[in-house]
Amino acid sequence: GQSLEQPSEVTAVEGAIVQINCTYQTSGFYGLSWYQQHDGGAPTFLSYNALDGLEETGRFSSFLSRSDSYGYLLLQELQMKDSASYFCAPTPYNTDKLIFGTGTRLQVFP
Amino acid sequence: DGGITQSPKYLFRKEGQNVTLSCEQNLNHDAMYWYRQDPGQGLRLIYYSQIVNDFQKGDIAEGYSVSREKKESFPLTVTSAQKNPTAFYLCASGIRDTGHFGQGTRLTVV
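Residue numbers (our numbering), protein chains in the order written: chain A, 1 to 110; chain B, 1 to 110.
Worth flagging that the hints you see were computed from the coordinates, not collected in a lab. Careful, some of the hints might be misleading.
Using C-beta positions, here's what the derived DEER-type ranges look like [as the list claims (entries may be wrong)]: (1) G15(A) x Q56(B): 40 to 48 Å; (2) V13(A) x K14(B): 42 to 50 Å; (3) S22(B) x H38(A): 19 to 27 Å; (4) D68(A) x N26(B): 33 to 41 Å; (5) G40(B) x P110(A): 23 to 31 Å.
Partial list, derived from the structure: chain B residues whose beta carbon lies under 8 Å from chain A [to be verified]: (6) P39; (7) Q41; (8) L45; (9) T98; (10) F101; (11) G104.
Calculated from the model, a selection of chain B residues having no Cβ within reach of chain A, i.e. all distances over 10 Å [said to hold, decoys possible]: (12) S22; (13) P75; (14) N84.
Predicted model, so just to flag it, every value in this text is computed and none were measured. Virtual Cβ for every residue (Gly too), placed ideally from N, Cα, C.
Chain A extracted, bound-state conformation (with noise of 0.2 Å):
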């Protein structure tokens, strides 16, 4: 079977750094993507995971551990404009779909 798991909802304030964890029950997985949806909008590709450890690409990271089934998202300098609700995504093996979970509402205060 399937399952994630993320927080419904976290909040910090402008400066702060924030970390999103997600918690996965997959038969196997090729990696793990996470994306970012403001209200109203669609969802946008913010990183993937394919192999274990840490990625960075500017203000956010994320960060999997196969062995755990465990990934984060890490979001440094937060700004207004971060608040919005974070997706984690793993795509199973032979397959190109990814199954998203119920996502984590992120609200940056000032």
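Once you have looked at the hints, place chain B on chain A.
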């Protein structure tokens, strides 16, 4: 510029009517997907296609149908058999590590 175009942005349907949502991409991607999103929820996969003239059911395919006659196009029909069709529909394309989404169609049944 390459991208995915969904139309219309807003759609109103009477109960009992079928309606077709358009999705076109010029990114030369083989894989295309349809997701449904309800308020405050994650994305649930309706159908996906990995190649022309072939498609597979996702997690919530009942009441929906698709076709993939051309690489660029993946229309979704919401049939009268779909009991609760009011939702935000998102089309996506791409391989597992860089999914591209259209801007979505908001369907309301009146």
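Exercise for the section: State, for the Cβ atoms of V13(A) and K14(B), whether the hinted interval 42 to 50 Å holds or is violated. Expected result: holds, 47 Å
Problem - Cut-off 8 Å, beta-carbon criterion: hint that L45(B) touches chain A - result: Status holds, d = 6 Å.
Handout entry: Hint status (Cβ of Q41(B) to nearest Cβ of chain A, threshold 8 Å)
Key = At 6 Å from the nearest chain A Cβ, Q41(B) passes the 8 Å test, so the hint holds.
Handout entry: Consistency of the no-contact label for S22(B), given chain A and a CB cut of 10 Å
Key = The assertion about S22(B) holds, with a minimum of 15 Å to chain A.
Exercise for the section: Report holds if the minimum CB distance from N84(B) to chain A is greater than 10 Å, and violated otherwise. Expected result: holds, 18 Å
Problem - Status of the P39(B) interface restraint (C-beta, 8 Å, chain A) - result: Since the shortest Cβ distance to chain A is 10 Å, the answer is violated.
Problem - S22(B) paired with H38(A), Cβ distance criterion 19 to 27 Å - result: holds, 23 Å
Exercise for the section: With a cut-off of 8 Å on the beta carbons, see whether F101(B) makes it to chain A. Expected result: Given a least distance of 4 Å, the restraint on F101(B) holds.
Problem - Cut-off 8 Å, beta-carbon criterion: hint that G104(B) touches chain A - result: holds, 5 Å
Practice task
Say whether it holds or is violated: P75(B) keeps its Cβ farther than 10 Å from all Cβ of chain A.
Solution key: holds, 18 Å
Practice task
Grab the minimum C-beta distance from T98(B) to chain A and call the hint holds if it beats 8 Å, violated otherwise.
Solution key: With Cβ-Cβ at 5 Å, under 8 Å, it holds.
Practice task
Evaluate the given range 23 to 31 Å for the C-beta pair formed by G40(B) and P110(A).
Solution key: holds, 24 Å
Comparing the model with each earlier hint shows a violation of hint 6 alone; every other hint is respected.
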